[in-house]
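> Here's the letter readout for the chains.
Number of protein chains: 4
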Amino acid sequence: MTKVAFLGLGAMGSAMVPNLLKAGFAVAVHNRTREKAAPLLHLGATWAESPAQAARGAGFAVTMLSDDSALSGVCRGPEGLLEGLGAGVPHLSMSTVSPLLVEALAEEHRRRGSVLLGSPVFGRPDAAAAARLWICLSGPAEARRRAMPPLQAMGQKVFEFGEDPAAAHLVKLCGNFLLASAVEAMSEAFVLGQKRGIPRASLHELFSSTIFPGPVHQGYGARVAGDAHQPAGFKLSLGLKDVSLALAEARRAEVPMPMASLCANQLLAGLAKGRGEMDLSALVLEAADNAGLGGA
Amino acid sequence: MTKVAFLGLGAMGSAMVPNLLKAGFAVAVHNRTREKAAPLLHLGATWAESPAQAARGAGFAVTMLSDDSALSGVCRGPEGLLEGLGAGVPHLSMSTVSPLLVEALAEEHRRRGSVLLGSPVFGRPDAAAAARLWICLSGPAEARRRAMPPLQAMGQKVFEFGEDPAAAHLVKLCGNFLLASAVEAMSEAFVLGQKRGIPRASLHELFSSTIFPGPVHQGYGARVAGDAHQPAGFKLSLGLKDVSLALAEARRAEVPMPMASLCANQLLAGLAKGRGEMDLSALVLEAADNAGLGGA
Amino acid sequence: MTKVAFLGLGAMGSAMVPNLLKAGFAVAVHNRTREKAAPLLHLGATWAESPAQAARGAGFAVTMLSDDSALSGVCRGPEGLLEGLGAGVPHLSMSTVSPLLVEALAEEHRRRGSVLLGSPVFGRPDAAAAARLWICLSGPAEARRRAMPPLQAMGQKVFEFGEDPAAAHLVKLCGNFLLASAVEAMSEAFVLGQKRGIPRASLHELFSSTIFPGPVHQGYGARVAGDAHQPAGFKLSLGLKDVSLALAEARRAEVPMPMASLCANQLLAGLAKGRGEMDLSALVLEAADNAGLGGA
Amino acid sequence: MTKVAFLGLGAMGSAMVPNLLKAGFAVAVHNRTREKAAPLLHLGATWAESPAQAARGAGFAVTMLSDDSALSGVCRGPEGLLEGLGAGVPHLSMSTVSPLLVEALAEEHRRRGSVLLGSPVFGRPDAAAAARLWICLSGPAEARRRAMPPLQAMGQKVFEFGEDPAAAHLVKLCGNFLLASAVEAMSEAFVLGQKRGIPRASLHELFSSTIFPGPVHQGYGARVAGDAHQPAGFKLSLGLKDVSLALAEARRAEVPMPMASLCANQLLAGLAKGRGEMDLSALVLEAADNAGLGGA
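Sequence lines, in order, name chains C, B, X and E.
Heads up: the first sequence at position 181 corresponds to 285 in the working numbering, and the numbers run straight through without jumps.
Heads up: the second sequence at position 80 corresponds to 184 in the working numbering, and the numbers run straight through without jumps.
Heads up: the third sequence at position 151 corresponds to 255 in the working numbering, and the numbers run straight through without jumps.
Heads up: the fourth sequence at position 274 corresponds to 378 in the working numbering, and the numbers run straight through without jumps.
Treat the hints with care, as some may be off.
[Unchecked claim] Not the full set, but computed from the structure, chain C residues with beta-carbon under 8 Å of chain X:
1. A373
2. A376
3. K377
4. G378
5. D393
6. N394
7. A395
8. G396
The set of hints was computed from the structure by calculation and includes no laboratory data.
As the structure is a prediction and not an experimental result, all values here were calculated from the model.
For each residue, glycine too, the CB sits at the ideal point set by N, CA and C.
Please model the complete structure; the sequences and the hints are all you need to start from.
Below you can see the structure in the form of structure tokens.
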């Protein structure tokens, strides 16, 4: 029975571990706060006292953490993941983090003989629980091939992006930029309609059932239409973080992205007005404010 | 047998008339150039020497023309549509035109006793031929009710937007703005990926099969990914026209639309560089130029 | 004694007429509301019952009106300026209006034998009173030469822009765009400073006495620094009008102007929030709102 | 005779040192490449083998370096400036660097007993040679008071910005953002004029002698008008660096700066097209490219 080290038991990680257990993996979990592990221990996971301990003897490691700082903390240090990973063992980096950090970590893995794979995901906790995640994968080909069984236990489809582990992470940032720009576009259009007497909900019904039928326009669109920004599914402040990371990559790659800049500025206005904990859909409040409909 | 006057036999109109004939309507057609009518006369349509003549005795009139100037020309003047329309007869305005013109024409209809209905559509010529158009409808309720049979003969679904005939036309402009913004967003993301070694086609495959599965991201996305901008499905110059009309409405309604402005400027750059006859997807050439990938 | 017909007695026109009188011209004035003329009649001007009457026998006509609609109204119609202007008489168009209207009016003048000269100005009413206006001049060379005496009576310097009467008007719009963009730039910088504890006034003092010493950065900058937006010197709503006219010209000329679009959107937000009657400097309220410093 | 340690002998530093010598200071210089020091040693400066050696016994230290990395390198390490600075000695940080770095260095100075003063400047090498720099100053009040004699030897005026050493550096970034935005605004306006047949030089003459008479509109404006981008006075790539640093501060302070974002994207396009070594004025090439005038 192959052991998987799983680091990060937030809403996503907690939904993914049971699918690894179901698929027959032995899963050793570690988390900053131990309480989160309880339901998983019930299902058969085991507790590890540190990332390094979780990694010892594992055939794979998985990280699903909130940001660069958390991922760096889990990987580095005397009891960090890198200490425990065996030779050739793939570490599946599934968090949404910066390609820059991933590049640095990939080099640190190489030096110690383990392998970092970029493998961030699209999908919310309910998709994670249903093993319906879409997974972006990049890194050394042999490691990618070996990582398929655990990835297939967690997702519905794997999309591959070549040899550079940072590539899949860049793809994830592109996706979140596309998401933010779709929300901003709907916000502008819906507020224009509203000021001309057309209910936002009518526009949402039209577009999300015809030319934009996917989950972004349906789900975020419904929030935009109904001003339903709390509780957040995906926080506005995290949207800003991801668009900002995309812009940092754009700067490195010398690619002007005016639409990403525009989204970043609208998100920053939301943050400045205290809307960071609201859903990304709260972008529409900026459009409404600027159209003189504020008060919301 | 109810007579329908049909004005405008471009790619869209020519695909719509047969569906009216099939549904049992008598269709009198008129067009600036008569040759376009020949295949339809074969199917049973009759030729009218002018819009007014087409309209005499008709239970409905339909206009499907290229722009404001064409619609104004067909409606007004001594042999214009308004001369021939009987009392209470609905005129279905299905072109993509400015709400401003529609407001003026609606008033002219009212003064003469006929009724203007805003009824622009989403869908390309193939959808028109298959009677699969999505139709946006607004105008006086009683006329809307009466217009359902011909509309249902041409489309798969009718979305209603209240009493103001201009409303449905504004909705259509919103849709074309959403379309342009989706193409611009993909353009920026795909070029960022490209400069980091990720094929545009890989990004397109991912996004159009997961979080953005609709026809816009699939169809235009494939053109963006493959730099397949000719022949145009929807011309860049027409995209600019529509986004500009949306911005004119935004100005009237006092709604800042920074994303629409951004799209308008990118489209204008395309026009200035001689790309107006290319598909809207040629927006990606601006992104590529600005990232130093141009040959231009 | 050469007669000048002067149309438009707002703050600018009322300050300019005395300088023509001082220079020895006979001035016939007409205005929508007659009361404005009283102080000028005292100084020796004569009242005309219509633009046409003012123009009869005049060697020059001057228009200094608020917008396109006012200029069109004064020129056209049975008692309009064009009716009264003699053969070869130059009409100095000094208002801030659209090049499009000027092109049309220039053609109407040509057809009737008179000559339109574009001659808009930079400078506020106090500069007008002191005959210190900067005048932009364009139109047929011979008429420009002949118009120098009245222009020099009203301004400190004349800048020439060729044969096309619309050119000088385009130059004026460019100037007002540069003005709006300078105000927006100061607004962003001053609000950034403010949130980091640097008084706006300190930034204003630095920049307006070093690298940006001119009247725009000094005058508007002081208003931005002190949130002194009322009473308006130059209304925000007029700033929006002029930047919008510049964008319309940009569209015609196929020149993307993203900074002008940005200014237009910020100005439109101000208008939507009820700030249209404030000074252009109220742009800083948008920057403050978006940084979470609004009371809104 | 008070000793000044001077680190950084680029075009600016080399022009400033003679003024310190003239004012009666003993100046110990150090530079990455020693050759740059030769002319100054001739004038009476002495060579130091390291920043630390230069600082030993000095009453002041001055750094005038190219960027964050150079400043960090000079300050830190076993032979860095911090090693040599005596208790209470003010270090005048005159480079254009990030407030973030300055905050960190200020804390390192405090821990060792020396004092960091933010004191970046406006002015080009010729102004430095003439002791005509404008100096922005911030930091602990007592140190600011003591630093006046060397600052007055180098500049024409000192503007003070309070107790936080990072503040003056933020002010400098604001100034460079204002500069970039003025160049972008002129670029858009001049290209619009050009496409309508108005020479760029005519617009430049008008604006730089009337409402925008300062050195920015005169100097950069002349380059924009004449497409005179080489050799660079202030490199486009450095303009991008500074606007990017301003945006990083804006992000930290939660201040959306859409105009700064726009400038950054235009500058980045210039960089991507290989124009990074040209003058900042090369922004106009982006405007020209986007208007279909490329080829330049």
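> A separate judgement is required for each hint: does it hold in the structure or not?
Verification of the hints:
| no. | hint | verdict |
| --- | --- | --- |
| 1 | A373 | 4 Å, holds |
| 2 | A376 | 3 Å, holds |
| 3 | K377 | 5 Å, holds |
| 4 | G378 | 7 Å, holds |
| 5 | D393 | 7 Å, holds |
| 6 | N394 | 4 Å, holds |
| 7 | A395 | 5 Å, holds |
| 8 | G396 | 3 Å, holds |
Checked against the numbered hints given earlier, the structure satisfies every one of them.
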